[in-house]
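*Asks:* Quick note, the sequences are listed as chains Y and D, same order. Under my numbering, read the first sequence as residues 1318 to 1733, first letter to last. Under my numbering, read the second sequence as residues 1318 to 1733, first letter to last.
Simulated from the structure, these hints should not be mistaken for lab results. Do not take every clue at face value.
Selected chain D positions facing chain Y (Cβ under 7 Å, derived; list incomplete) [claimed, not checked]:
{"no.": "1", "residue": "Pro1375"}
{"no.": "2", "residue": "Ala1429"}
{"no.": "3", "residue": "Thr1507"}
{"no.": "4", "residue": "Ser1570"}
{"no.": "5", "residue": "Thr1574"}
{"no.": "6", "residue": "Ser1622"}
{"no.": "7", "residue": "Gln1625"}
{"no.": "8", "residue": "Ala1649"}
{"no.": "9", "residue": "Phe1676"}
{"no.": "10", "residue": "Val1691"}
{"no.": "11", "residue": "Gly1692"}
{"no.": "12", "residue": "Asp1693"}
{"no.": "13", "residue": "Gly1730"}
Model, not experiment: these values are computed from the prediction. Note that CB positions come from ideal geometry on N, CA and C, so glycine has one too.
2 protein chains.
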Amino acid sequence: MTMPFSRRHFLQTAGAGAAVWVPSAVHGYTGAEMARRAEQSGGELTPLGLSMWDLDTPALVVDLDALEANIATMQRTVTSNGIASRPHAKTHKCPAIARMQLETGSVGICVAKVSEAQVLFDHGIDKLLLTTSNVTPLKIRRAMGLRKWCDGFVQTTDTAANARDLSAAAEAAGVVADVVVDVDPGGHRTGITPGVPALELAQLVDRLPGLRLRGMLCYDGGSQHVKGFEARQAQTLERLAAAAETRERFQRSGLNTEIFSGGGTGTYNIDHQTPGLTDVQVGSYVFMDAQYIDIGGADDPDVYSDFQPALTILATVLNAQYAGRATTDAGAKACTINRPWSRIKGESGMIYTSGSDEFGSIRYEADASRTYAVGDKLELIVSHCDPVVNLYDQMYAVRNGIVEAVWAIAARGRST
Amino acid sequence: MTMPFSRRHFLQTAGAGAAVWVPSAVHGYTGAEMARRAEQSGGELTPLGLSMWDLDTPALVVDLDALEANIATMQRTVTSNGIASRPHAKTHKCPAIARMQLETGSVGICVAKVSEAQVLFDHGIDKLLLTTSNVTPLKIRRAMGLRKWCDGFVQTTDTAANARDLSAAAEAAGVVADVVVDVDPGGHRTGITPGVPALELAQLVDRLPGLRLRGMLCYDGGSQHVKGFEARQAQTLERLAAAAETRERFQRSGLNTEIFSGGGTGTYNIDHQTPGLTDVQVGSYVFMDAQYIDIGGADDPDVYSDFQPALTILATVLNAQYAGRATTDAGAKACTINRPWSRIKGESGMIYTSGSDEFGSIRYEADASRTYAVGDKLELIVSHCDPVVNLYDQMYAVRNGIVEAVWAIAARGRST
Chain Y
1318 MTMPFSRRHF LQTAGAGAAV WVPSAVHGYT GAEMARRAEQ SGGELTPLGL SMWDLDTPAL
1378 VVDLDALEAN IATMQRTVTS NGIASRPHAK THKCPAIARM QLETGSVGIC VAKVSEAQVL
1438 FDHGIDKLLL TTSNVTPLKI RRAMGLRKWC DGFVQTTDTA ANARDLSAAA EAAGVVADVV
1498 VDVDPGGHRT GITPGVPALE LAQLVDRLPG LRLRGMLCYD GGSQHVKGFE ARQAQTLERL
1558 AAAAETRERF QRSGLNTEIF SGGGTGTYNI DHQTPGLTDV QVGSYVFMDA QYIDIGGADD
1618 PDVYSDFQPA LTILATVLNA QYAGRATTDA GAKACTINRP WSRIKGESGM IYTSGSDEFG
1678 SIRYEADASR TYAVGDKLEL IVSHCDPVVN LYDQMYAVRN GIVEAVWAIA ARGRST
Chain D
1318 MTMPFSRRHF LQTAGAGAAV WVPSAVHGYT GAEMARRAEQ SGGELTPLGL SMWDLDTPAL
1378 VVDLDALEAN IATMQRTVTS NGIASRPHAK THKCPAIARM QLETGSVGIC VAKVSEAQVL
1438 FDHGIDKLLL TTSNVTPLKI RRAMGLRKWC DGFVQTTDTA ANARDLSAAA EAAGVVADVV
1498 VDVDPGGHRT GITPGVPALE LAQLVDRLPG LRLRGMLCYD GGSQHVKGFE ARQAQTLERL
1558 AAAAETRERF QRSGLNTEIF SGGGTGTYNI DHQTPGLTDV QVGSYVFMDA QYIDIGGADD
1618 PDVYSDFQPA LTILATVLNA QYAGRATTDA GAKACTINRP WSRIKGESGM IYTSGSDEFG
1678 SIRYEADASR TYAVGDKLEL IVSHCDPVVN LYDQMYAVRN GIVEAVWAIA ARGRST
């Protein structure tokens, strides 16, 4: 596999501290020890002062300079485009990052599951949009239970029967629940058909005694990874057109359209061209990953460089006795098997694969920038950030290679 | 995609309660509620008496009849073949299942990571073989710390430098550490080259003051999924021949060979033909999965039916408004993206995919056995059990559809 020069150069230099080095006197701390230190120091964001290379591996690391830059870039762009950001917490599952996003101007936080909403609310996040409809009596009851305590919790519906169920449950819980209508962008995954069906559902929500209509959402997942900015823009705007027309119907019918949420990291600088869209449900921009790097950006057809790779996995070389290859301790349970495979930060001429559950594999190409010895550590740019984060209980927040905080991935595994 | 009749029939009828039904009055319990009930009832294996269909989804379910049958089949087979089982806990990460394995005759439990060993020992499992070499000072120190408390903890080495590090750390910790030599079956992933290199390493281990040689291991991961029993048998025996010859060298040199561990679920009824092999490191047999079903067995070239699919994921249909398809709540974060995809138990003519992080997708073929409505629940046979288990904090142990226990997946996420 060869890589265009520009992408390879970007990957080598991306983020702070691109050079991979290990201090000579690595002491070593386990995840449990680091969590304890963080707790003893008064919790999150307390400087811990250890080198990230002292961490036991595999370890999930977020570079604070890159994370902060990514959040600032997003906020600057959407603001100048006249819309807002409502970042999706399914990416990071981390209350500390949700707080950073709200403190820098995001209008709310999206979640995919009721359990994610519950955990974030437990951690003080109280502006929550649940982007998935709840369809079972149990989940609906759980959501209404949360709504009792959280005024800023907005739910989603995409069928008339479900809207009636939500209203009945809201009344039983003694609340009026805020609801948006999920409109299908054409992917047929979730959402009601735009146009008259969506309008009629919105009118029903508006009439039902237990519900308060807040607008609509239309998430076009299928457009986020279209390669090439122009192709991505064309597809996005075409697929959001029906939702925009639906929003006009809402308005003409006197319905609330204060929320028209959609879009993601791949289309964050495109979505504002859809009339009436209020905010983008961006997730991956905080971390970036190898999948998004490959889609290309407005300025560079090969590399999507609007955001910096901030999320990496530290791994250790376990075996190096065979020519042309090495084995690490970061396999599928540390990296997932998403493609493209994770990439070794700061190095070139190496292919990393994580197809084995417990072991990663490095293959050196003829122009490999180095070879590894047993015990060497390396840093991997994640393939697809969402499922990788979902494997870890904590991430280490580092700046210039020094651990500043241990962040609980409090909503990890919250899939219900 | 079409399936041979025999495989389809096996999948439809596999395990207890193949028919998918939902009781008319589903009440519903969250994972937290179920864990609390289990605790209040005195912990694991206390009958809880709820229908599995009352569980919030996605939920990981293990069928006790199938699990017990799989464990019995394995134990009966290896015993009649004159070897033992040393099941790998990387598959289940669950102390309750490790206990069942030891109580039914397994000679020990394998683990892939020190952190797994620590968690299992905390839960009373004290015959542990760590199949991965520890190469950093931190991990070696952690392992020797465990060895202080756990006499039955055996470690692995595959280089002379590492053996010396282990010995020095053992002496510093005031223990003599039990060690096996990891011999490479030809996959070049881990392990030392068989023959003289392995012999010399074993002799070094035998001499080092902090170590006690217990034998060797040779895990041939590359042979486990070879399709067709004859092909699998031929490859396995060929690749284990060098390890068997190495064991003879050990014996001729007066070295300890009480452990010669290797093999897995795909070769459990083949490995005993390798002279001197003492036990198989079988993992997936407890649960089975779609990947193993496809390899074929000694009696059936299409279906590996020696073990029953015992591990399933319960999912709920979220959207059914488009012809030919439905969307569920079990995507990549509930099922992984391993292939072959998960299969819907008890149904035919449906393709299930979990490529989206949050959503599963059902496509109906012309001969689909049914279609689903919003809110319907279904049961998925997992694709690849190890990484699926690693996504969940608990599994529900059911018999005839009734939840008998909530088992903590205590070593979930323990990848260090």
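*Asks:* So, for every hint listed, does it hold in this structure?
*Replies:* Hint-by-hint comparison with the structure:
Given the 7 Å rule on beta carbons, the hint for Pro1375 (chain D) holds: about 5 Å separates it from the nearest Cβ of chain Y. Because the beta carbon of Ala1429 (chain D) sits about 5 Å from the nearest beta carbon in chain Y, less than 7 Å, this interface hint is met. Taken as an interface hint, Thr1507 (chain D) checks out: its beta carbon lies about 5 Å from the nearest beta carbon of chain Y, inside 7 Å. The criterion of a C-beta within 7 Å of any C-beta in chain Y is not met by Ser1570 (chain D), whose closest approach is roughly 22 Å, and the hint is violated.
A hinted interface residue such as Thr1574 (chain D) counts as satisfied when its beta carbon comes closer than 7 Å to some beta carbon of chain Y; here the least separation is about 23 Å, so the hint is violated. Violation of the interface hint for Ser1622 (chain D) is found here, the shortest Cβ-Cβ separation to chain Y being roughly 24 Å, above the 7 Å cut-off. Against a cut-off of 7 Å between C-beta atoms, the interface hint on Gln1625 (chain D) is violated, since the closest Cβ of chain Y lies about 22 Å away. The criterion of a C-beta within 7 Å of any C-beta in chain Y is met by Ala1649 (chain D), whose closest approach is roughly 5 Å, and the hint holds.
Because the beta carbon of Phe1676 (chain D) sits about 6 Å from the nearest beta carbon in chain Y, less than 7 Å, this interface hint is met. Checking Val1691 (chain D) against chain Y: minimum C-beta separation of about 5 Å stays under 7 Å; hint holds. A least Cβ separation of about 5 Å between Gly1692 (chain D) and chain Y falls short of the 7 Å threshold, and the interface hint therefore holds. With its C-beta approaching chain Y no nearer than about 9 Å, Asp1693 (chain D) sits outside the 7 Å limit, and its interface hint is violated.
The criterion of a C-beta within 7 Å of any C-beta in chain Y is met by Gly1730 (chain D), whose closest approach is roughly 6 Å, and the hint holds.
The earlier numbered hints that this structure contradicts are 4, 5, 6, 7, 12.
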